[in-house]
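**Student:** Here is what each chain is made of, one letter per residue.
Protein chains: 2
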Amino acid sequence: MTMTSKKPGHENDSQLTVNKLQKSIQEMFGHKDSQRGVDGTFMWFMEEVGELAGALRSDNREELAGEFADVLAWLVTLANLTGIDLEQAVAKKYCKGCPRCMAEVCECQISAKP
Amino acid sequence: MTMTSKKPGHENDSQLTVNKLQKSIQEMFGHKDSQRGVDGTFMWFMEEVGELAGALRSDNREELAGEFADVLAWLVTLANLTGIDLEQAVAKKYCKGCPRCMAEVCECQISAKP
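First to last, the sequence lines map onto chains A and B.
Using the working numbering, read the first sequence as starting at 1 and increasing by one per residue.
Using the working numbering, read the second sequence as starting at 1001 and increasing by one per residue.
Just so you know, the hints here were simulated from the structure itself, not pulled from any lab data.
There's no promise every hint is true.
Claimed, not checked - Going by beta-carbon spacing under 8 angstroms, a handful of chain A positions derived as facing chain B: (1) S24; (2) M28; (3) V38; (4) M43; (5) V49; (6) F68; (7) A69; (8) A73; (9) E87; (10) A89; (11) K93; (12) C95; (13) C98; (14) M102; (15) E104.
None of the values given here were measured: they were computed from a predicted structure.
Glycine included, every Cβ here is placed at the ideal spot set by N, Cα and C.
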């Protein structure tokens, strides 16, 4: 899997599919995740969510990017453990317009979910 | 953006890149997210995290998939609001082996992070 970049001259943008990411995380950590189980993994996930909250208050962009990556990686791990196809799940709910108003540019009230 | 499926006969698997998802969420919700700001959006994100926790205890697979999608969508929204390229962030940290031991199949102790 190649690292992507938005810098000019890099033509490999946008190659990491959610599926590829999920499979990569499975190959890398699946043997350990299955030992931790869902509950234990959720604890790690929450720790990363807390770190993301902290990074959102900081000016360190690199740290912030890293915390976003960590939360996504642990979310993917939870999906692996529960056998959820994350790409299929998000494509089904969010890639045909807003899941509530169905518009391509959401027209729901600001207070409404999502 | 097309909906993906793992069912036999569907050949459009694995087409949703993290970048495409981030751009799609930006187009759909960006105008509302900017009004909410990071703090308000983080509250919505946490609500979805709580719902995911509940769904992890349920036997409803469709609900579980939906909650995973919601958490991912709100994480992407937070990335949009803070100008983080989520694909680049996760590719940089997790797509060259374990960020700690650097192995393609993580060799870190089970108690170690990640």
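**Student:** All hints are to be evaluated individually against the structure, with a verdict given for each.
**Tutor:** Checked hints:
no. : hint : in the structure
1   : S24  : holds, 6 angstroms
2   : M28  : holds, 5 angstroms
3   : V38  : holds, 6 angstroms
4   : M43  : violated, 11 angstroms
5   : V49  : holds, 6 angstroms
6   : F68  : holds, 5 angstroms
7   : A69  : holds, 4 angstroms
8   : A73  : holds, 5 angstroms
9   : E87  : holds, 5 angstroms
10  : A89  : holds, 4 angstroms
11  : K93  : holds, 4 angstroms
12  : C95  : holds, 4 angstroms
13  : C98  : holds, 6 angstroms
14  : M102 : violated, 11 angstroms
15  : E104 : holds, 6 angstroms
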